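**Student:** These protein sequences, in sequence, are chains A and B. Residue numbers for the first sequence follow this note's numbering, beginning at 102 and rising by one. Residue numbers for the second sequence follow this note's numbering, beginning at 1388 and rising by one.
Incorrect hints may have been included.
Stated by the list, open to error - Derived DSS-like pairs: lysine-lysine, alpha-carbon spacing no greater than 30 angstroms straight-line: (1) B/Lys-1511 <-> A/Lys-123; (2) A/Lys-111 <-> A/Lys-178; (3) A/Lys-110 <-> A/Lys-163; (4) A/Lys-110 <-> B/Lys-1511; (5) A/Lys-110 <-> A/Lys-168; (6) A/Lys-163 <-> B/Lys-1551; (7) A/Lys-108 <-> A/Lys-168; (8) A/Lys-111 <-> B/Lys-1511; (9) B/Lys-1511 <-> B/Lys-1551; (10) B/Lys-1493 <-> B/Lys-1551; (11) B/Lys-1511 <-> A/Lys-163; (12) A/Lys-178 <-> A/Lys-108; (13) A/Lys-123 <-> A/Lys-168; (14) B/Lys-1511 <-> A/Lys-178; (15) A/Lys-111 <-> A/Lys-123; (16) B/Lys-1511 <-> A/Lys-108; (17) A/Lys-178 <-> A/Lys-110; (18) A/Lys-108 <-> A/Lys-123; (19) A/Lys-111 <-> A/Lys-168; (20) A/Lys-168 <-> B/Lys-1511; (21) A/Lys-163 <-> A/Lys-108; (22) A/Lys-163 <-> A/Lys-123; (23) A/Lys-168 <-> A/Lys-178; (24) A/Lys-178 <-> A/Lys-123.
Unchecked claim - Pair by pair, the computed Cβ-Cβ distance ranges are: (25) B/Trp-1617 <-> A/Glu-175: 38 to 46 angstroms; (26) A/Glu-127 <-> B/Ala-1415: 33 to 41 angstroms; (27) B/Gly-1535 <-> A/Lys-178: 52 to 60 angstroms; (28) B/Ala-1558 <-> A/Ser-103: 54 to 62 angstroms; (29) A/Glu-150 <-> B/Gly-1417: 31 to 39 angstroms.
Claimed, not checked - A few chain B residues facing chain A, derived, Cβ under 10 angstroms: (30) Lys-1511; (31) Ile-1514; (32) Arg-1515.
The set of hints was computed from the structure by calculation and includes no laboratory data. Since the model is a prediction, treat every value here as computed from it, not as a measurement. The beta-carbon is built from N, C-alpha and C at its ideal position, and this holds for glycine as well.
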Amino acid sequence: MSEIAEKVKKIVVEHLGVEESKVTPEASFIDDLGADSLDTVELVMAFEEAFNVEIPEDAAEKISTVKDAIEYIERQKAA
Amino acid sequence: MFRLDGKRALITGASGGIGAAIARALHAQGAEVILSGTRRPALEALAAELGGRARVIPADLSEAAASDALIAAATEGGAALDILVNNAGLTRDALALRLKDEDWEKVLAVDLTAPFRLSRAALKTMIRRRWGRIINIASIVGVTGNPGQANYAAAKAGLIGMTKSLAQEVAARGVTVNAIAPGFIETPMTEALSEAQRAALAERIPIGRLGRPEDVAAACVYLASEEAGWVTGTTLHVNGGMAMP
Ligand SMILES: NC(=O)c1ccc[n+]([C@@H]2O[C@H](COP(=O)([O-])OP(=O)(O)OC[C@H]3O[C@@H](n4cnc5c(N)ncnc54)[C@H](OP(=O)(O)O)[C@@H]3O)[C@@H](O)[C@H]2O)c1
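Take the sequences, apply the hints, and build the full model.
**Tutor:** What follows is the structure, given as structure tokens:
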């Protein structure tokens, strides 16, 4: 797993208080990990802070799974 | 009941009549208070009067960057902010036909935009800690309107609408957002009135007197308390019965 993926996973575990094993790439924050809409906003803000990237609202709306988050941040970091 | 020991509260407009009373009341309940306003000497005099548990952080909230900077200073080093009282406010009265753009904008900036920015920044730490109280000092004028105060009434009505929206957004996180709508309160502002003007005002108030800053402060203590944890999105009218919306 990439460094980014691990960091994302760690943030999700911390913020949502879920077990690490549940945080699979396909896991949906809302449907599988019990997040509500405010949790997803908090997660996006935590990602922004941890990776020093800006995630605009329209991009944030499309981040619904762990994989979405990892891929978005990897793209920003590669750019 | 209504103790606030161990809580940290930021009060804007603490150099003013109502803000100072709110700061004193929260402090008396055990809270640590951060006093903000533009006039540093007045804030420092209040801090000295309170003794311990009081800090001064001046800010001119008509400046766009001031709100974020104020919350950053209040939470420096990861310090908690439990209670935010958006009390700073000003008026620039004129009949609409004569109301200048700059007076519209100034009132909206200080009375509505700054409370939004302060709330947005404070909510980040409150949500994380799963506890918070935001109390917005609106005005009865925001509900009834008042000739000569289109700007002020719009800002205060906006504050009430904002209160309800924020309350719904953060309710599940142990954070409540409420408003207080004072009626006529005796402050340096109303001291300029003549005895006859006061009597005329009091006649419109069923309880028969103008309000005191302490009347507003008591409502604020209640809304800040643990005990008020099931009250959110509401506007508490403190007006001697003058209006019952
Ligand atoms: N008095 C009433 O009858 C009444 C009725 C309904 C609602 N209210 C509301 O109650 C609140 C307090 O009013 P008050 O009667 O206590 O009036 P006040 O004595 O004039 O106090 C106003 C406070 O707001 C602060 N303030 C004004 N402009 C500011 C700015 N640009 N940046 C930062 N702070 C600023 C002032 O700080 P500095 O002096 O240090 O600049 C002062 O501490 C206001 O929101 C007002 O609209 C009052």
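**Student:** Indicate, hint by hint, whether the structure satisfies it.
**Tutor:** We went through each hint and held it up to the structure:
At roughly 26 angstroms between alpha-carbon atoms, B/Lys-1511 and A/Lys-123 fall within 30 angstroms of each other, so this suggested pair holds. Distance restraint check for A/Lys-111 and A/Lys-178: the Cα-Cα separation of roughly 18 angstroms lies within the 30 angstroms cut-off, and the hinted pair is therefore satisfied. A distance of roughly 18 angstroms separates the Cα atoms of A/Lys-110 and A/Lys-163; the hinted pair therefore holds under the 30 angstroms criterion. With a C-alpha separation of about 21 angstroms, the suggested pairing of A/Lys-110 with B/Lys-1511 holds against the 30 angstroms cut-off.
At roughly 10 angstroms between alpha-carbon atoms, A/Lys-110 and A/Lys-168 fall within 30 angstroms of each other, so this suggested pair holds. With a C-alpha separation of about 27 angstroms, the suggested pairing of A/Lys-163 with B/Lys-1551 holds against the 30 angstroms cut-off. Distance check on the hinted pair: A/Lys-108 and A/Lys-168 sit about 12 angstroms apart at the alpha-carbon level, within 30 angstroms; holds. For the hint pairing A/Lys-111 with B/Lys-1511, the CA-to-CA distance comes to about 20 angstroms; that is within 30 angstroms, so the pair holds.
A distance of roughly 18 angstroms separates the Cα atoms of B/Lys-1511 and B/Lys-1551; the hinted pair therefore holds under the 30 angstroms criterion. Pair hint B/Lys-1493 plus B/Lys-1551 holds up; C-alpha atoms about 23 angstroms apart against a cutoff of 30 angstroms. With a C-alpha separation of about 22 angstroms, the suggested pair B/Lys-1511 and A/Lys-163 falls inside the 30 angstroms cut-off, and the hint holds. Proposed proximity of A/Lys-178 and A/Lys-108 is supported: the alpha carbons are some 14 angstroms apart, at most 30 angstroms.
Of the pairs offered as hints, the one joining A/Lys-123 and A/Lys-168 holds, with about 13 angstroms between alpha carbons and a cut-off of 30 angstroms not exceeded. For the hint pairing B/Lys-1511 with A/Lys-178, the CA-to-CA distance comes to about 25 angstroms; that is within 30 angstroms, so the pair holds. Straight-line distance between C-alpha atoms of A/Lys-111 and A/Lys-123 comes to about 12 angstroms, which keeps the hinted pair within the 30 angstroms bound. Of the pairs offered as hints, the one joining B/Lys-1511 and A/Lys-108 holds, with about 21 angstroms between alpha carbons and a cut-off of 30 angstroms not exceeded.
Restraint check for A/Lys-178 and A/Lys-110: satisfied, since their Cα atoms lie roughly 17 angstroms apart, inside the 30 angstroms limit. Between A/Lys-108 and A/Lys-123, the direct Cα distance comes to roughly 15 angstroms. Compliance with the 30 angstroms bound is thereby established for this hinted pair. For the proposed pair A/Lys-111 and A/Lys-168, the alpha carbon gap of about 13 angstroms is at most 30 angstroms, so the pair holds. Between A/Lys-168 and B/Lys-1511 the alpha-carbon distance is near 25 angstroms, which keeps this suggested pair within the 30 angstroms criterion.
The hinted pair formed by A/Lys-163 and A/Lys-108 meets the criterion: a straight-line CA distance of about 20 angstroms does not exceed 30 angstroms. Using a Cα cut-off of 30 angstroms, the hinted pair A/Lys-163 and A/Lys-123 holds, with the two alpha carbons roughly 21 angstroms apart. About 15 angstroms separates the Cα atoms of A/Lys-168 and A/Lys-178, which keeps this hinted pair within 30 angstroms; it holds. Using a Cα cut-off of 30 angstroms, the hinted pair A/Lys-178 and A/Lys-123 holds, with the two alpha carbons roughly 26 angstroms apart.
For the hinted restraint 38 to 46 angstroms between B/Trp-1617 and A/Glu-175, the CB-CB distance of approximately 44 angstroms keeps it satisfied. Checked against the given bound of 33 to 41 angstroms, the beta carbons of A/Glu-127 and B/Ala-1415, roughly 55 angstroms apart, lie outside it. Between B/Gly-1535 and A/Lys-178 the CB atoms are about 56 angstroms apart, so this pair conforms to the stated range of 52 to 60 angstroms. Distance hint check for B/Ala-1558 and A/Ser-103: the Cβ-Cβ separation is about 37 angstroms, which falls outside the suggested range of 54 to 62 angstroms.
Between A/Glu-150 and B/Gly-1417 the Cβ separation comes to about 33 angstroms, which falls inside the hinted range of 31 to 39 angstroms. At its closest, the beta carbon of B/Lys-1511 sits 7 angstroms from a beta carbon of chain A; the interface hint therefore holds under the 10 angstroms criterion. Satisfaction of the interface hint for B/Ile-1514 is found here, the shortest Cβ-Cβ separation to chain A being roughly 7 angstroms, below the 10 angstroms cut-off. The beta carbon of B/Arg-1515 comes within 8 angstroms of a beta carbon in chain A, closer than 10 angstroms, and the hint placing it at the interface holds.
Comparing the model with each earlier hint shows violations of hints 26, 28; every other hint is respected.
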